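Asks: Under the working numbering, the first residue of the sequence shown carries the number 99, and numbering increases by one thereafter.
Worth flagging that the hints you see were computed from the coordinates, not collected in a lab.
Keep in mind the model is a prediction, meaning the values are calculated, not measured.
The beta-carbon is built from N, C-alpha and C at its ideal position, and this holds for glycine as well.
A portion of the hints provided could be inaccurate.
[Said to hold, decoys possible] Pairs of lysine-lysine, BS3-like flavour, derived with a Cα cap of 27 Å:
(1) Lys229 x Lys495
(2) Lys592 x Lys389
(3) Lys427 x Lys592
(4) Lys345 x Lys386
[What the hints assert, rightly or not] Restraint ranges, calculated between C-beta atoms of paired labels, are given here:
(5) Ala285 x Lys430: 32 to 40 Å
(6) Lys430 x Asn258: 36 to 44 Å
(7) Pro268 x Arg500: 43 to 51 Å
(8) Ser367 x Pro156: 27 to 35 Å
(9) Gly481 x Pro425: 54 to 62 Å
(10) Asp448 x Pro272: 41 to 49 Å
(11) Asp186 x Met155: 49 to 57 Å
(12) Gly462 x Glu368: 49 to 57 Å
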Amino acid sequence: MALSRRSFIRWVLAAGAGLSCPLPGRAQPASGSGEKKPRLRSEDASVCHRVRDGDAMPAPAPARRVDLVIVGGGPSGLAAAVHAQGSDFLLLEKEDHLGGNAFAEEWQGLRYCTGSAWATLFSPEVEQLFKRWELDLKPIQGLDAACFNGTWIPGFWDGNPESPVFDRLPFPQPTRDSFRRFLRDVAPIDLETEGPRLDATSFAELLKPYAPEIAAYWDTFGPSNWGAKAADTSAYLGVQAARDWSKWPRLTWEGGLGVGSERLYARLSEADKRKVVLGAAAYSVERKGKKAVVRYVQGGEAHAVEAKAVVMATPKFITWRLVQGLPEKQRKAMAAMRYAPFMVYNLCFDRVVYNQAYENFVVGAKHFTDFVPADYVTHAQGGDLSRKQVITVYAPKAEAERHVFLDDAATLAQAEAAVDELGALLPGWSEHLAEVRVYRRGHAMPMSAPGVLTRLQPASRRDHGNVFFAHSDSDGDVSDFAYAALNGVEAASKALRRL
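Go ahead and model the full structure; you've got the sequences and the hints to work with.
Replies: Okay, here's the thing in structure tokens:
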């Protein structure tokens, strides 16, 4: 029997390990292009799972003392470190690389993202911060494309009820009119005064009077951007996204916002870079009088460090288990926050296969939500079409599917199903596909569910004595690089004042 095209595609599964990384960490050499067997790798979550399961953990006495400990080396922790540079700090990161969800990798010289893709300068504070850090993000040209029942519509959602794009929808006129009516109805909503009411309501409830095709679009857009379908999305965010997001210019690099993590790390002095500890999984943060003791595992051994202040730049689903003595209301608020599991498939091609738009949503797709040409910010006008290309495919999953991430075979099957679905939608892709790289995160994206913005976040981010809370889930309507950075700087500022 002749070998199928799939036999010549190299499949690589990863979960937290770096393939190529200008950040500190262990870069893994690529094996020969003829390899057929998938390379299976996973992050070590054993310490986190022991904390979750309530296992007894060692309690060594502190062998080191510093002014500030930062727990977590994603954008928020890196921002805190940059703000605290020159001080006596220590940053602990459980992975063997920095960046968290904002982490870039490389295939044959091409950068691509494994998570966070783009940012907006939605406030003067963000613009000022990015300018101070010299983050030279590039503007993304054009709006997203959307595919409905096989019909591709470029520049689809621009927030304008009179937009001619709605005339291209492959639906009856009443359905097209419903799209326009929805936008007319949300136009006068005052998010400032209506915010608390809308945040207590699901976006799906707001969409009930309109054609179901509208909800279907947001059930594709939402999971990719904030981890939730309309039923689990705050109506506040839904209105904002539908009405206002297209007005804000989007920015990125080739490699997505993982490049931003690299730029933040590069701003640290060589002396401060030596204060970054990788493979250090924190399992306890305990206040002791005017100090705090942070315990962590590194290299299979338990360690403890005493600090005058601590910044927790970790997601709340683990933070509430790490920090001892939290007030009950704060602990419950953190525990109530939800996180979407997320797979990202980077499809590596031997030539350009798609360059029509930056983000491309396929409404009704079963195995993914959207895809992004990784080099679009550079080659929006086309460029050399014979060049190699990476397409980043986003595949957020339901919370009930989290267990699949622990099964390599099931993970690979999901990736193959997504590739097959894309191949059917865009014939010819499979002929040029050389490699598929799968990145999986079990608790990747904080879900912007009803009540998170106005109820859970304010309660969860309260200072706990000399312990301060950062991360992208501390404040903001969505989890993104900018909010992560702002929250990291704010927490570090409080900690330094405490000193």
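Asks: Now tell me if each hint is right for this structure.
Replies: We went through each hint and held it up to the structure:
| no. | hint | in the structure |
| --- | --- | --- |
| 1 | Lys229 x Lys495 | violated, 35 Å |
| 2 | Lys592 x Lys389 | holds, 15 Å |
| 3 | Lys427 x Lys592 | holds, 22 Å |
| 4 | Lys345 x Lys386 | violated, 49 Å |
| 5 | Ala285 x Lys430: 32 to 40 Å | holds, 37 Å |
| 6 | Lys430 x Asn258: 36 to 44 Å | holds, 42 Å |
| 7 | Pro268 x Arg500: 43 to 51 Å | violated, 35 Å |
| 8 | Ser367 x Pro156: 27 to 35 Å | holds, 33 Å |
| 9 | Gly481 x Pro425: 54 to 62 Å | holds, 55 Å |
| 10 | Asp448 x Pro272: 41 to 49 Å | holds, 46 Å |
| 11 | Asp186 x Met155: 49 to 57 Å | violated, 26 Å |
| 12 | Gly462 x Glu368: 49 to 57 Å | holds, 51 Å |
Checked against the numbered hints listed earlier, the structure breaks hints 1, 4, 7 and 11; every other hint is satisfied.
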